[in-house]
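Engineer: Sequence:
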Amino acid sequence: MPEERENQAEQGFRNDFVQRFADHWNAQGGPRSEGRILGYLLVADDEAVSAEQIAEGAGVSRGSVSEAVRRLRKAGFVDLVETPGERTRRVTVDEDVWGGFLRNERAYLQRQKALAADALERLPGLRPHARARLRNMHDYMTWLDDHHDALLAQWEEYKAAREG
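Start counting the sequence shown at 1; every next residue gets the next number (my numbering).
Honestly, the hints are just simulated from the structure, not real lab data.
Check each hint, because a few of them may be wrong.
Said to hold, decoys possible - Quick list of in silico lysine to aspartate or glutamate cross-link-like pairs, EDC-like style, CA-CA up to 16 Å:
1. LYS113 <-> GLU163
2. LYS74 <-> GLU105
3. LYS159 <-> GLU95
4. LYS159 <-> GLU67
5. LYS74 <-> ASP46
6. LYS113 <-> ASP146
7. LYS159 <-> ASP94
8. LYS113 <-> ASP139
Since we're looking at a predicted model, the values are computed, not measured.
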């Protein structure tokens with residue numbers, strides 16, 4: 001009986017975690033269902049899970065799983081893995097999903113920097129306030145990209161110190 005109550009409490013917290021994670025994800029502009037799916041994957045006991053398990057565990061429709069997994073995969077948050085004896089692939093989240101996000105962020109920074117540079121070059125008639133916004137966009141992306149390698153190295157050092 002105490003073990004059953006412990007399991008219920010743990011499941012209750014998992015459900016709460018998924019909801020709260022979805023709230024944070026949604027507050028940053030992401031779809032709530034996508035946040036529920038990533039939240040579920042973060043606390044899933046299995047290394048890789050099926051779309052059906054995701055739909056049930058995240059409390060979303062099966063159709064929203066496919067769409068969200070495509071977006072999350074493109075952003076570098078999840079990956080698909082083959083499972084021996086199964087025709088479908090399962091969804092997995094790397095143990096260091098946030099470090100992976102940081103590694104994948106470089107392409108985004110470079111695209112945004114190029115977009116700002118293109119706008120500065122091709123819109124010579126911009127008023128000073130608009131030009132300043134674009135210059136800050138370009139320079140911020142440049143600055144962040146210049147520090148990107150250091151951030152990754154510091155993250156790896158932090159993890160090594162934590163584990164050591």
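Engineer: Could you tell me which of the hints above the structure violates, numbers in ascending order?
Structural biologist: Violated hints (numbers, rising): 1, 4, 5; every other hint is consistent with the structure.
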